[in-house]
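Chemist: Build the full structure now, drawing on both the sequences and the hints.
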Amino acid sequence: MAELQSILTLNHDYQTAIVLGRLLRSIALDESVATLNQLMDCYEGGWRGIFTIKPGIAGSPSRLRQFCQLYKIDTVFSSVMETAIGRQAALQIATELSTQPGAFGFGIDSWFTEDEETWLQDLWRHL
50 MAELQSILTL NHDYQTAIVL GRLLRSIALD ESVATLNQLM DCYEGGWRGI
100 FTIKPGIAGS PSRLRQFCQL YKIDTVFSSV METAIGRQAA LQIATELSTQ
150 PGAFGFGIDS WFTEDEETWL QDLWRHL
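Residues in the sequence shown are numbered consecutively from 50, following our numbering.
If you are wondering where the hints come from, they were derived from the structure by calculation, not from laboratory data.
All C-beta atoms, glycine included, are put in the ideal place defined by N, C-alpha and C.
Possibly wrong hints are sitting among the right ones.
[What the hints assert, rightly or not] Label-pair restraints from in silico Cβ distances:
1) T84 / S55: 15 to 25 Å
2) T132 / Q87: 34 to 44 Å
3) R114 / D62: 28 to 38 Å
4) T58 / T101: 16 to 26 Å
5) T148 / T84: 34 to 44 Å
6) E145 / Q54: 29 to 39 Å
7) S55 / Q141: 31 to 41 Å
8) T58 / I134: 21 to 31 Å
9) M130 / Q87: 11 to 21 Å
10) S55 / I106: 39 to 49 Å
11) S55 / T132: 19 to 29 Å
[As the list claims (entries may be wrong)] In the SDA-like style, the derived pairs of lysine to any residue whose C-alpha atoms are separated by at most 20 Å in a straight line are:
12) K121 / T84
13) K121 / Q137
14) K103 / T148
15) K103 / D62
16) K121 / G135
17) K103 / K121
Modeler: Below, the structure written as structure tokens:
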């Protein structure tokens with residue numbers, strides 16, 4: 050990630066207050082760091098702030114699990130508009146790997162109008 054040095058500087062210069070014993074940072078790696086390889090590159094480049102992880106596009110769940118557990122990174126998990134099955138798997142790994150209490154970024158249900166339980170049957174009825 051070409052901007053890593055700038056982000057490291059911003060993270061160092063602009064930290065927010067300590068709340069309930071946890072230093073809150075206003076900067077988290079998000080959209081520009083999506084895959085496990087990108088996460089690893091940023092960690093190796095010196096990032097020790099919050100990693101926003103989207104399990105649906107991060108890559109291998111077992112490698113993601115190993116990386117998070119080995120380096121004990123600060124994580125926030127969020128959605129990438131996955132299916133109900135993908136969301137269930139993403140929430141499972143998010144619950145397992147979250148290091149701090151807090152909200153997950155999975156509030157996407159309002160973007161879908163179809164009933165996820167019957168959408169496939171409805172599709173076949175309309176053909």
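Chemist: Of all the hints given earlier, name the ones this structure violates by number, lowest first.
Modeler: Violated: hints 2, 5, 8, 10, 11, 13, 15, 16.
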